[in-house]
Amino acid sequence: MSNWYMLTVVGRDRPGIVSQVTLALYKGGGNLGEASMVRLGGNFSIMLMVHYEGTAELLEKLVSPVGDELHLHIHIDSIKGELHQRLEPDVRISIYGADRAGIVAETTGVLVEAGLNILNLESDVGGSPTNPIYIMEIDGAARNGIDSIKVALDCVAKEKNIKICVTPINMFLG
Amino acid sequence: MAILDILVYPDPRLAQISSPVESFDDELLSFVFNLEETMRAGPPSVGIAAPQAGHFERIIIVDVSSKPKTPNHGKLTLINPKILYKQGSMIGREGCLSVPEYTGNVSRAEKITLQALNSEGRILNYAMEGFEARAVQHEIDHLDGLLFLDRLVSRRSSLFLRKIYK
Numbered sequence: 001m002s003n004w005y006m007l008t009v010v011g012r013d014r015p016g017i018v019s020q021v022t023l024a025l026y027k028g029g030g031n032l033g034e035a036s037m038v039r040l041g042g043n044f045s046i047m048l049m050v051h052y053e054g055t056a057e058l059l060e061k062l063v064s065p066v067g068d069e070l071h072l073h074i075h076i077d078s079i080k081g082e083l084h085q086r087l088e089p090d091v092r093i094s095i096y097g098a099d100r101a102g103i104v105a106e107t108t109g110v111l112v113e114a115g116l117n118i119l120n121l122e123s124d125v126g127g128s129p130t131n132p133i134y135i136m137e138i139d140g141a142a143r144n145g146i147d148s149i150k151v152a153l154d155c156v157a158k159e160k161n162i163k164i165c166v167t168p169i170n171m172f173l174g
Numbered sequence: 001m002a003i004l005d006i007l008v009y010p011d012p013r014l015a016q017i018s019s020p021v022e023s024f025d026d027e028l029l030s031f032v033f034n035l036e037e038t039m040r041a042g043p044p045s046v047g048i049a050a051p052q053a054g055h056f057e058r059i060i061i062v063d064v065s066s067k068p069k070t071p072n073h074g075k076l077t078l079i080n081p082k083i084l085y086k087q088g089s090m091i092g093r094e095g096c097l098s099v100p101e102y103t104g105n106v107s108r109a110e111k112i113t114l115q116a117l118n119s120e121g122r123i124l125n126y127a128m129e130g131f132e133a134r135a136v137q138h139e140i141d142h143l144d145g146l147l148f149l150d151r152l153v154s155r156r157s158s159l160f161l162r163k164i165y166k
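Line by line, the protein sequences give chains S and L.
Quick note: the first sequence, position 116, residue 116 per the working numbering, numbers continuous.
Quick note: the second sequence, position 156, residue 156 per the working numbering, numbers continuous.
Don't take each hint at face value.
As the list claims (entries may be wrong) - When the alpha-carbon atoms are kept at most 30 Å apart in a straight line, the in silico DSS-like pairs for lysine-lysine are as follows:
hint	chain 1	residue 1	chain 2	residue 2
1	L	Lys82	S	Lys158
2	L	Lys82	L	Lys67
3	L	Lys82	S	Lys150
Unchecked claim - Far from chain L by the CB rule (all over 10 Å, computed), these chain S residues:
hint	residue
4	Asn3
5	Glu57
6	Glu69
7	Arg86
8	Pro89
9	Gly102
10	Gly109
11	Ser148
12	Asn170
13	Met171
14	Gly174
The hints are simulated quantities; they were obtained by calculation from the structure and are not laboratory data.
Don't be surprised by glycine CBs; every beta carbon is placed ideally from N, CA and C.
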């Protein structure tokens, strides 16, 4: 049985969420792995790998007092803790345009067809409330090469009137 | 010929500042030879610095010539390298022989002018840009006890040099 869990935490943002959740885990014998923690539209979200010798129920008991105090929704899944098996991105795709429904679905649908494995996606809504702009940054591994990504996105950019920038990630080892 | 052991973080010796090379002798040539052999023997890399091999003199080897369409000066052995001028900045993805299984985004000068000595002690001057300039800056950092981990910028950063494909 894997002793790795994915802890998902969502709640209204306020100071102290990270410190209190992680302190509870630390005091209870949890060891943290990789994590993504970010404020999204006034909410704070945590996706956190936790190594813990006990069951999911016991892990939940560790963090539920903090969840109750800070009004957080907490969800726990048992996972495989596949650390040290990193996939490296070789392309970054930046997309922006006037905000409307469908930008993510349309562009990522084309990207998966072109052989992109998305490794990281972050998006923001900027601009003014009356003229919002959708901005998205994707890091991925292009299985079929970057040229196929460029060709595929070229059509979408024209059709959907969005700006798309494709930048190779020239990683080196030194 | 010898393949040297690579120091791996958190080995505290990686934070040591290396001393200038003062003797340009057979011992130096022998070490440089082994350092290059070590670089070639490991995972594909574009450079290596002497302190990564536990030798704390200011010696680096850089070779980005295997990277297609990349301006470069071929294989460079740079002794006591000094960056005289930096221009611009660019963010690129870096990994390190001394930091296995992790890569991160690092901000570096886009163009540099560099002065160094070769293995015979002769002065060399270079103007470099892009990938090669980044690799040289990465290796010189090792001479000053710095790793790319000391220069990480956020994954969320949007400062990649961009080419717009319309």
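These are the hints, each one checked on the structure:
1. In summary, the hint linking Lys82 (chain L) to Lys158 (chain S) is not supported, as the alpha carbons are separated by about 47 Å, beyond the 30 Å threshold.
2. Between the alpha carbons of Lys82 (chain L) and Lys67 (chain L) the distance comes to roughly 24 Å, so the proposed pair stays at or under 30 Å and holds.
3. Restraint check for Lys82 (chain L) and Lys150 (chain S): not satisfied, since their Cα atoms lie roughly 39 Å apart, outside the 30 Å limit.
4. Non-interface status of Asn3 (chain S) relative to chain L is upheld: no Cβ of that chain comes within 10 Å, the nearest being about 21 Å off.
5. Even its closest Cβ contact with chain L, about 33 Å, leaves Glu57 (chain S) beyond 10 Å, as expected for a residue assigned away from the interface.
6. For Glu69 (chain S), the shortest C-beta to C-beta distance to chain L comes to about 29 Å, beyond the 10 Å cut-off, and the non-interface label holds.
7. In this structure Arg86 (chain S) is not separated from chain L by more than 10 Å, as the shortest Cβ-Cβ distance comes to only about 6 Å.
8. Separation of Pro89 (chain S) from chain L is inadequate, the least Cβ-Cβ distance of about 8 Å not exceeding the 10 Å criterion.
9. The non-interface label for Gly102 (chain S) is consistent with chain L: the shortest C-beta to C-beta separation is roughly 21 Å, beyond 10 Å.
10. No Cβ of chain L comes within 10 Å of the Cβ of Gly109 (chain S); the nearest lies about 18 Å off, and the non-interface call holds.
11. Once the 10 Å rule is applied to beta carbons, Ser148 (chain S) is consistent with being away from chain L; the minimum gap is 12 Å.
12. Listed as a non-interface residue, Asn170 (chain S) fails to keep its Cβ farther than 10 Å from every Cβ of chain L; the least gap is roughly 6 Å.
13. For Met171 (chain S), the requirement that its beta carbon stay farther than 10 Å from each beta carbon of chain L is not met, with the minimum near 4 Å.
14. Chain L draws Gly174 (chain S) into its interface by the beta-carbon criterion, the shortest separation being 4 Å against a cut-off of 10 Å.
Taken one by one, the earlier hints fail for this structure at numbers 1, 3, 7, 8, 12, 13 and 14, listed in ascending order.
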